[in-house]
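Listed here are the chains, written in short residue letters.
2 protein chains.
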Amino acid sequence: GAAPAVVNAQATIRWRLASSFPKSLDTIFGAAEEFSRQVSALTGGKFVISVHAGGELMPAFGVLDGVSNATVECAHTAPYYFFGKDPTYALDCAIPFGLNSRQMTAWMYEGNGLKLLREFYAKSNIVNFPMGNTGAQMGGWFRKPITSIADMKGLKMRIGGFGGKVLERVGAVPQNIPGGEIYQALEKGTIDAAEWVGPYDDLKLGFFKVAPHYHYPGWWEGGPQLSLYVNSKAYEGLSAEYKAVIENAAALAHVDMQAKYDGRNPAALKTLVGSGTKLHRFPKDVMDASFKAAMEVYAELNASNPAWKKIYEDYSNFRRDQNLWFRFTEAGFDDFMQQQKL
Amino acid sequence: GAAPAVVNAQATIRWRLASSFPKSLDTIFGAAEEFSRQVSALTGGKFVISVHAGGELMPAFGVLDGVSNATVECAHTAPYYFFGKDPTYALDCAIPFGLNSRQMTAWMYEGNGLKLLREFYAKSNIVNFPMGNTGAQMGGWFRKPITSIADMKGLKMRIGGFGGKVLERVGAVPQNIPGGEIYQALEKGTIDAAEWVGPYDDLKLGFFKVAPHYHYPGWWEGGPQLSLYVNSKAYEGLSAEYKAVIENAAALAHVDMQAKYDGRNPAALKTLVGSGTKLHRFPKDVMDASFKAAMEVYAELNASNPAWKKIYEDYSNFRRDQNLWFRFTEAGFDDFMQQQKL
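Those protein sequences? They're chains W and U, same order as listed. Under my numbering, the first residue of the first sequence carries the number 1, and numbering increases by one thereafter. Under my numbering, the first residue of the second sequence carries the number 1, and numbering increases by one thereafter.
Among the clues, some could well be false.
The list cannot tell twin chains apart, which means a pair is met if one copy fits it or any two copies do.
Said to hold, decoys possible - Using 27 Å as the maximum straight-line C-alpha spacing, the simulated DSSO-like pairs for lysine-lysine come out as follows: (1) Lys243 - Lys46; (2) Lys309 - Lys341; (3) Lys85 - Lys115; (4) Lys270 - Lys310; (5) Lys284 - Lys204; (6) Lys115 - Lys309; (7) Lys243 - Lys204; (8) Lys85 - Lys23; (9) Lys310 - Lys341; (10) Lys209 - Lys156; (11) Lys270 - Lys309; (12) Lys278 - Lys204; (13) Lys156 - Lys341; (14) Lys270 - Lys115; (15) Lys292 - Lys156; (16) Lys204 - Lys144; (17) Lys341 - Lys292; (18) Lys310 - Lys46.
Quick caveat, the hints were computed from the structure, so don't treat them as lab data.
Extracted from the complex, chain W is given alone in its bound form (with noise of 0.2 Å):
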């Protein structure tokens, strides 16, 4: 008979994956991409998803209402660009004062994490993975240093959602500013600090000669996650391997970028410090004012917006008790470490 050789073959799928980030930022998309080869060597090249750049196929920001909608499969993302539409989409990736790191990938993957999150989601028609963290970012670069609270009054600052609105209680002006156009403003002097993200990403666009003063922690990203989106009725519509094969291809993706950054960090800020860049850590009446704020600003939310109550709710637990136990053994290992001639 002429029975086909292969009768059960399962078609090559085909799914287009929207970054929300340029190719310069090349750990953060790259992630993605990452992530995509990861699938194509998981189903022997049976399940392909192409990865596009930010603006490609849409705007950056446009990816949300891109999956949501169906024009794209699925994204790569950081969550809290659509605090804007709604703060709980950062509860996804940070918020001032929040989980680190680590922290947060236990709140996803044991605690209650991904299930209150994938519940907030499935109103846009979204399941969301987490695929990275860049760690705790920098405090950003700035004209001069910060020596108190009083020198954030009037401080016009590149930072975005929810960091600006915290800043701005306690007296700065935040600006909204893209990143290729950062380097001009802060050697014109239009603004008088920039954040970016940290030593390995902010070396290439080379912030430290026109603002030396590089300040630490970013307490509003202490270990902001990246969200991997997928469409549900694309995702509903895979069989139950290939839905294992996302979720895998993920993880792997999420440790991966985590481990790139940690790993490419140190030798960049060598490279800084060797070129004049100064290291400040934020005054302590700083963090103390900006904690105040942004508690009150989490208070107002929990009073108007039950959608973030409820998350909030159990990500402030779970940040209460981690930090409880992080400061006994994890703390006293890495502040002896530290303190060694290694």
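Position chain U relative to chain W; hints supplied.
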């Protein structure tokens, strides 16, 4: 024609995984179960790995030979168990004053760790994959609190491998006692102290009832990594697709195990403290003397063991750079958060 309905179906592959752990260590043993579950899910049940507790197929510490000799196709273990064969194995797990959990993952995924360890394992016919981490362990349970280095002299402490070797140099007397016999030895005073894992596992064994002083940090295990060992011939016999299945499922189990410990330790710590456990940081002179002793051991190994020297050189450079970087924004953020009323 009577052509079979499916002519290209991959035959089912059945492997056995020998764990070094008892089922009671559900978080560690569970990582192997999670790995097996993902392998099955990724292959539609066509690649089945049965998971066997320590002692079931071979002794807990026999798994290195078991995989090397292809008695089983794979194992899940803590490579520092093989410290007696060669201390180099410990670099795939934990050494005193080594990398923390995130740094270890960064060394494996982004640094040279995986590459160098694969070369080392090749002579044993093993392909290794990082698969889980407990995070920084606690320093263990003491019948009397340690107030200075003088209290370490003659102290009989249950502690294994590398940690014991260093403790010996500061005057303690390391004891080798299986997990199930620690409680009685502590109760009778046959030993003065014992280390196990951290709050979640330690609570189950009830040590707080007989040795209530719980010291931290466990400087001999700042981020012990578990390893999946796969027999290299079995591995090479897999399709590219199934090789990717192993890698991705191990990555998911890797991130999931750390998340489980991070998620579960805080509640256990609260229970312990509520039951009379006293938390104490190790005195600075104990940390300093132990650090010095560890560095002496490493210098001796560098001189006597070329395999160690090659990998430790890379490891220690990585450790230096990681701690240089982590002391700024990561530590600055964590330190502030741990001081807040959350």
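Inset, instruction - First find the shortest C-alpha distance between Lys85 and Lys23 inside one copy, then the shortest across copies, and answer within, between, both or neither for a cut-off of 27 Å. - result: within (26 Å within a copy, 47 Å between copies)
Inset, instruction - Check Lys243 against Lys204 for me: Cα-Cα at most 27 Å, and say if that holds within a copy, between copies, both or neither. - result: This pair counts as neither: shortest intra-copy Cα distance 37 Å, inter-copy 36 Å.
Inset, instruction - Measure nothing new, just compare the shortest in-copy and cross-copy C-alpha distances for Lys270 and Lys309 to 27 Å and report within, between, both or neither. - result: between (42 Å within a copy, 25 Å between copies)
Inset, instruction - Classify it for me, Lys156 with Lys341: is the Cα-Cα distance of at most 27 Å met within a copy, between copies, both or neither? - result: Result: close neither inside a copy nor across copies, 39 Å intra and 30 Å inter.
Inset, instruction - Tell me, please, which holds for Lys284 and Lys204 at an alpha-carbon limit of 27 Å: within, between, both or neither? - result: neither (30 Å within a copy, 41 Å between copies)
Legend entry - Copy assignment of Lys309 with Lys341, given that the CA separation must stay at most 27 Å: Between copies only: 19 Å across, 46 Å inside.
Legend entry - Homo-oligomer pair classification [Lys309, Lys115; C-alpha up to 27 Å]: within (15 Å within a copy, 46 Å between copies)
Legend entry - Same-copy or cross-copy closeness of Lys310 to Lys341 [CA-CA at most 27 Å]: between (46 Å within a copy, 21 Å between copies)
Inset, instruction - At 27 Å max between alpha carbons, let me know whether Lys310 reaches Lys46 within a copy, between copies, both or neither. - result: Neither: 40 Å inside a copy, 41 Å across copies.
Inset, instruction - If the cutoff is 27 Å on CA atoms, where do Lys243 and Lys46 land: within, between, both or neither? Let me know, please. - result: both (14 Å within a copy, 16 Å between copies)
Inset, instruction - At 27 Å max between alpha carbons, let me know whether Lys270 reaches Lys115 within a copy, between copies, both or neither. - result: between (40 Å within a copy, 25 Å between copies)
Inset, instruction - Pop the pair Lys85 and Lys115 into one bin, within, between, both or neither, using alpha-carbon distances up to 27 Å. - result: Close inside one copy (21 Å), not across copies (45 Å); limit 27 Å.
Hint violations for this structure: numbers 5, 7, 13 and 18, all remaining hints satisfied.
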